[in-house]
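Peer 1: Sequences and hints are given; from them, build the entire structure.
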Amino acid sequence: MMRKKLMAATVGVAAGALVLSACSSGGGSTDNPSGGDTTKPVVMELWQNSTTGDGQAYWNKMAADFHTKYPNVTINVTSIQNEDMDGKLQTSLNTGDAPDIFMARGGGKLADIVKAGLVMDLTGKLDANTESTMKGALAAFTIDGKEYGVPTSVLPEGFFYSTDLFTAAGITDVPKTIDDLSADAAKLKSSGGGGIAVGAKDAWPAAHWYYQFALRECSQDTMNKSASTRTFDDDCWLRAGKDLEAFAATKPFNDGFLTTSAQQGAGSSAGLVANHKAGMELMGAWDPGVIASLTPDTQALKDLASFPFPEISGGQGTPGAMLGGADGYSCHVNAPPECVTFLDFVATKTNQEQYATAFKTIPASVDAQGVVTDPSLTNLLTAYNNAPYVMLWLDTLYGQNVGNALNVAVVNLLAGKGTPEDIVKAVNDAALKG
Amino acid sequence: MTTLSETNAVDRRNDGGGASAPSPSVRRRRLSSPWRKRLEILLLAGPALVLFAAFVIFPVIIAAYYGFFSWAGYGPATDFVGLRNYTTILGDQAFRDALWHNIVIIVLSLLIQGPVALGLALLLNRKMRFQSAMRILIFIPYVISEVVVGTGWALILASGGALNSLLAKLHLESLQQDWLANPNIAIFTLMAIVTWKYIGFAVILFLAGMQGIPEELTEAAAIDGASYWQIQRRITVPLLAPTLRIWAFLSIIGSLQLFDLVYIIWGPYVAGTAGTSTMATYMVLSGRNAGSYGYGNAVAVVIFIVSLIIALTYQRLVLRRDNRDAVNGVPR
Chain A
6 MMRKKLMAAT VGVAAGALVL SACSSGGGST DNPSGGDTTK PVVMELWQNS TTGDGQAYWN
66 KMAADFHTKY PNVTINVTSI QNEDMDGKLQ TSLNTGDAPD IFMARGGGKL ADIVKAGLVM
126 DLTGKLDANT ESTMKGALAA FTIDGKEYGV PTSVLPEGFF YSTDLFTAAG ITDVPKTIDD
186 LSADAAKLKS SGGGGIAVGA KDAWPAAHWY YQFALRECSQ DTMNKSASTR TFDDDCWLRA
246 GKDLEAFAAT KPFNDGFLTT SAQQGAGSSA GLVANHKAGM ELMGAWDPGV IASLTPDTQA
306 LKDLASFPFP EISGGQGTPG AMLGGADGYS CHVNAPPECV TFLDFVATKT NQEQYATAFK
366 TIPASVDAQG VVTDPSLTNL LTAYNNAPYV MLWLDTLYGQ NVGNALNVAV VNLLAGKGTP
426 EDIVKAVNDA ALKG
Chain B
444 MTTLSETNAV DRRNDGGGAS APSPSVRRRR LSSPWRKRLE ILLLAGPALV LFAAFVIFPV
504 IIAAYYGFFS WAGYGPATDF VGLRNYTTIL GDQAFRDALW HNIVIIVLSL LIQGPVALGL
564 ALLLNRKMRF QSAMRILIFI PYVISEVVVG TGWALILASG GALNSLLAKL HLESLQQDWL
624 ANPNIAIFTL MAIVTWKYIG FAVILFLAGM QGIPEELTEA AAIDGASYWQ IQRRITVPLL
684 APTLRIWAFL SIIGSLQLFD LVYIIWGPYV AGTAGTSTMA TYMVLSGRNA GSYGYGNAVA
744 VVIFIVSLII ALTYQRLVLR RDNRDAVNGV PR
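So the protein lines, in turn, are chains A and B.
Numbered per my numbering, the first sequence spans residues 6 to 439.
Numbered per my numbering, the second sequence spans residues 444 to 775.
These are calculated hints, taken from the structure and not from any lab test.
It should be emphasised that the depicted structure is a prediction, and the values quoted were computed from it without experimental measurement.
Ideal placement from N, C-alpha and C gives every residue a C-beta, glycine not left out.
One should not assume that every hint holds.
Using C-beta positions, here's what the derived DEER-type ranges look like [claimed, not checked]:
hint, chain 1, residue 1, chain 2, residue 2, range
1, A, G92, B, I500, 20 to 28 Å
2, A, S224, B, F523, 31 to 39 Å
3, B, V499, A, G319, 54 to 62 Å
4, A, A144, B, E589, 38 to 46 Å
5, A, T128, B, A635, 54 to 62 Å
Covered stretches of chain B (in silico footprint by chain A; criterion: 3 or more residues with CB under 8 Å from a CB of chain A, positions within the stretch not fixed) [said to hold, decoys possible]:
hint, stretch
6, 619-631
7, 722-733
Peer 2: Below you can see the structure in the form of structure tokens.
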């Protein structure tokens, strides 16, 4: 289908190109993307996951700006609902009718696609500016020393909370330890602030709690080693489960959290925070944008602030380590060279600043991070920049199969149907289903 | 059809005529008749067979093929694992739970929906005011899409939802429950929703069956002094039996395939802990969500085999008489 479209577009644009070249003869070439022919029309498909508002407008603007700069390149932007993205991408990649540029989140999920030889190796092709300003964020898209994507945002995780509800509950300082956190959740509940919202129906938001405890209990080395062995041999994985079990026993979560979804509607965990029905939630740095879309006036929540996950005593993880993810974009293996030019284009300082503003998040480019002034993000950004290391979401890092088994096991634990031992067993057994 | 019987008539006449050679026109007809018949069969059944083969038989074969591989879904499947996927499925407690839930849903659907629908159908079969309106009201839930029903009930039954608020307003706090997440209750919540949703279908089916029962029988029984209940027990219900058997068959198949309501209300993760997971939600969870497409295909094959066994057994044991009657055209 895409080939057909390309042919039709070729005919159309070629006719236009004749007219254009007549007007601009002798004008000389301006930019030459990756050494490609600037007069040869190129059409690329882009799949992104923002279906409404500023996010969608951003990608349309990027496509239009790129077309202005390189008139022979046309980019068709397709919006795909986030939860449908993996499945649709999978189908299209298998049929050979894949988009040229698609959203990717690095880690094991990207590794599966790379393994099938469907992603363009960007090593040595990216602009020096992209390489230097993305720094650590590029690591999420680096597999076996090769780069397969360019990040657009970095998404460290922390608690997003309502300062109004904290004040109403008599909480004066953000919690520094897990005991503080339990105590604050109890205060929030007794003052009608609804405790800590968690969207366990979608599993991953609940599983993030386990990831955070594991980050504190396990050393960086242990966590990285599990990425290649895909087994949980170290004792720290069990201790993380016990920590979570003990914490959950204090009943800190919102009523009915097992059937609460993460981001859909006012009844979701983000919706509960947006409507002051819950005091806080543990979430990645995209949360201010999601919460803003769920407030009654769909404007940013005025009293939203953030703090990093508290420390525990006796863990092997370096204090200050953070968990996070990165959103980014990859090129299909057969995409034209202009795809790389586009990824560099999106990674420039101005375009990264626009991205951060449109998505209310932290841009991947260090140069553009000055644009983050939202008080709900600055705390996390500081913690992120000071972190000794940042671990990728475990379900991304360890791949879809192990990640899914891990998430299921954590939900079972929180529902009282599983034990910390079951979490370790589920991960070690997942290879059988792989 | 007409042509065929005409041809037969001509043939018989000729046979009756002894050794006389058939006239040229008759010979032509006789020769053409088998081809004609084959062409007719091809034209009428061909498109359906092609569709059936392309969208039913072929996917089953492909699923069976992928079921023998460990395959993440990208590129060709190369990692052959033999029967490992199948042994893992049968050994997985989550799958056995899901299968058990399916069985519970089948049994409870038959036990709850059957008698209730029969009662409603008997009621609605009597001449009364607002009969059509009541029939429509009972049938409406069946027409509403599963996603809408699921979303609606999920909102009503959420722990802070309408039902618990209503109970609080009525000062019945002791009856408040976590209707969805409590594993002791969730399966009955699901059964209540399933009953509400599908009872209309059963009622309409039973009513249609009752329309086919000749009025003379009930009139004659009434003249002989049979009471209303005697008539229903001795005449209506026995004559409705073929309809009841078909309904039960459809209900069993529907229960085996139950997916959308559970997926919308609980999602594939919490369905397992709440005790409402079905084989289909297990397939999505461990196949698609895990990116283990080889394993997912193996689950699909297991569901297919389970359904096939149950369907064929039912056909053979229960529906045999109905089918034979239908084939031979014997009036029931």
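Peer 1: Looking back at the numbered hints, which does the structure fail to meet, lowest number first?
Peer 2: none
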